[in-house]
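Visitor: Listed here are the chains, written in short residue letters.
There are 2 protein chains.
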Amino acid sequence: MFSFESFSVFILMPPSKISREDVLKYDTFLFDADGVLWTGDIPISGAIDFVATLFRAGKSVFIVSNNSTKTLDQYVEKVARMGFEGLFKKNIITPAIVLSAYLRDRAEYAGQPVYLLGMENLKRTLESVAGVRCIGVGPDHFMDHSSSDFIFNLDLSLMPKAVICSYDAHLSYPKIMKAANFLKRNGVEFFATNEDFTFPGPNPDLVIPGAGCTSAAVRAVSGRTPIVFGKPHKPIANFLRNHEHIDANKTIMFGDRLDTDIQFANDNGFTSCLMLTGVSSLEDVENAEKRGETNRVPKHVFSFLSRLTFSTTNLAWKDEGGAAEKGGEPVSKGQQQGWISKLLTGQQMNPSEWQKQSHSSLLSTSENIYEFATHNYHPGEKERYLDAFVLQLPSIELVGSWTVSYGKTKDQAIHLWRHTKGYKDVDRFVFFFSEESAVS
Amino acid sequence: MFSFESFSVFILMPPSKISREDVLKYDTFLFDADGVLWTGDIPISGAIDFVATLFRAGKSVFIVSNNSTKTLDQYVEKVARMGFEGLFKKNIITPAIVLSAYLRDRAEYAGQPVYLLGMENLKRTLESVAGVRCIGVGPDHFMDHSSSDFIFNLDLSLMPKAVICSYDAHLSYPKIMKAANFLKRNGVEFFATNEDFTFPGPNPDLVIPGAGCTSAAVRAVSGRTPIVFGKPHKPIANFLRNHEHIDANKTIMFGDRLDTDIQFANDNGFTSCLMLTGVSSLEDVENAEKRGETNRVPKHVFSFLSRLTFSTTNLAWKDEGGAAEKGGEPVSKGQQQGWISKLLTGQQMNPSEWQKQSHSSLLSTSENIYEFATHNYHPGEKERYLDAFVLQLPSIELVGSWTVSYGKTKDQAIHLWRHTKGYKDVDRFVFFFSEESAVS
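Same order as they appear, the protein sequences are chains A and B. Take the first sequence: its position 365, counting from 1, is numbered 365 in full-length UniProt numbering, and each next residue is one higher. Take the second sequence: its position 69, counting from 1, is numbered 69 in full-length UniProt numbering, and each next residue is one higher.
The set of hints was computed from the structure by calculation and includes no laboratory data. Keep in mind it's a predicted model, so treat the numbers as computed, not measured. A couple of the hints might just be wrong.
The list makes no distinction among identical chains, and a pair is therefore deemed to hold if it is satisfied within one copy or across any two copies.
[Said to hold, decoys possible] EDC-like mimics (lysine to aspartate or glutamate), calculated; alpha carbons at most 20 Å apart, straight line:
id: 1; residue 1: K184; residue 2: D196
id: 2; residue 1: K90; residue 2: D140
id: 3; residue 1: K161; residue 2: D247
id: 4; residue 1: K184; residue 2: D205
id: 5; residue 1: K25; residue 2: E120
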């Protein structure tokens, strides 16, 4: 008897940091929105300048967002309000737009009803662009359910040509039931704008169900699989090739999620570039590599930030305190004073030397790293800035912040950070966000 | 360079027909309900007699149903109304009962709130048996959704110990959102009564979302996996072992679904027995074998039916008409008369001879098979009988039916069937439902 076993060898190819100079060699720039260009309503530091640089250099720029809850007019208004220039309707690509164009190009859909599990804004886009008639939008609930008579009284008399799933705050049992029964009929097509299970929200502790919630329920009950228009699927890329004539070899995609943005780029031949300002971390990249999910591994990592825009002071210190500093206990005012004293007399570290050490040796110490950072922000935006800031750097513990009001054009925040995931994390942070010259 | 490929060889082991004599060697008898003992509110032919036989022989009998929408009192009443005798509360095992017992046995749940995506009857069972307090039952919808303020106004102030998913006709976006947010908290457990995506209904053309719809949505948004109490999972089997002290080696399970009943039996060491009166067919068994889903392949196939209870006349004929009889066109009255004439003068077939032929040779002919059958049913139940009857034998086309009223105790229906899936199907049908002596 012989027995064979197969061994899988994953060759880890970590994404390389790409320079601004190399980035600017591309012709077409695709950006995910939330977590890349902004967080909620706050621009990511450096994003506005970077986009302006691209337009000055004559590049093609598109926001490629899975969010289909806004009309294009609303999207353009939001982008302009945040301070981005040069981004108009034609620069914004969403599944709603691509799905609408797809239906518009199929003559048999003209004036026909589609059953939409989605919100009013999506209905407006579909009706104005695709010329279909959306039915089913809005509340639709059983107000009474004392008997099983409802199964005989469901109105299925209309005959939609398709069922479309998206984010629907009025998602309900009768809607799911109707969708599944329509999908049982021959020839009724099944589309989903996107399948993100949740939205990024202003409060990371609050789970907000997204379009993937709707289609998960309808998939389960109908047993059917929709054509999905959002990332990581192909329709948006096909749309960009056919309508905007982009060259995949000269296109770079910036995203914060491996399972949507990065996979979308890799599957469609674009250069993938992870931004560390949103959902996915370098640890997620390592885990994707270990699982063999090569199409979710970014080719590069990039940051809009430079020393000048990000941090006017960037100190990193080894703390010699030892045991007293371990753990993540709440910080009292007395403790803060102690840490600051230590910081000012501690041993200074040069980030470039950390990079020469292996991760494992860094992880084997019990020391803590503290860091000062200074950020500039728009006057009057302090609270929103602080909220957004915490979202951007989830693996760093904020020991304390001090804010300074300069006047009309900018205010400043000074932060004392503690790296809470060990040296491995510090290493990453310094590697991507610091310049050697920033260490005084 | 060497390359290795692996080849998978599936050895097909079709389920064997088990005799009534061999069935009666077991001690404990587990029955799925809908599709096995009844269809809707109509008993499957032979089921009442078979269950009565088991009780007379001193066997342990349990109905093991995934349906948690009834209280046990309602279940017992339904079973008695259909004519089953000897089946009381202790004989009926549902996920609602097993989940309630599980929570009752954990002292920390006494008097505590659980968030229930389910109906009033399940709430009653959980509160009376487990002593928990169910919150969230009933309608809970956004009536307005003009802004995104709702994400700041969601009431998450209560602190349930668990989220429980089941069939919920009031399933809604806010309920899914609340469930997902509760599940984000440390220590909040996640349970599902069962995960059947749909209910078997009185109208096979109507899709009715089941408990699996609820948990599909909550799974998707929360990213968590529930402990599922229904078939094919283990809790019901553990309950039977611990509370009813059944011996798996002496237990036989009758079910109509490979993915719930048969897998449940196989995974828990019970003898699995497929009934062909419900969802799954022998073709499904073949497909499961081909996919290597060995735990969904039944050991045996069984029928309650015998010549006396099922069919007073069971004729099978080869039709010599040839081309004119092909296809599935609607049958006109004139055509019916022609078929009957042919039938009466055609060539009689002996089913036992068909069994000796291979499937492929039977499939290679273009001939049609017609068959007469006579059924007895309760007076006044004609319409319901006919509805249920069509459900039981989905692969046979009913050419015509004639009903005869005898009087107080029984009426009779005479059917002319056409086998619409070729000889392969006839072979199966005859193999499982006919006795040689039934052919005149």
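Visitor: Now look at each hint and say whether the structure bears it out.
Guide: Against the structure, the hints:
In this assembly of identical chains, the alpha carbons of K184 and D196 lie at most 20 Å apart only when taken from different copies (18 Å versus 25 Å within one copy). Taking the shortest Cα distances, K90 and D140 never come within 20 Å of each other, neither inside one copy (35 Å) nor across copies (40 Å). Proximity of K161 and D247 under a CA criterion of 20 Å is satisfied in neither setting, with 34 Å inside one chain copy and 54 Å between copies. Proximity of K184 to D205 under the C-alpha cut-off of 20 Å is restricted to the inter-copy arrangement: shortest distance 8 Å between copies versus 38 Å within a copy.
For the homomeric pair K25 and E120, neither the shortest alpha-carbon distance inside one copy (41 Å) nor that between copies (64 Å) is at most 20 Å.
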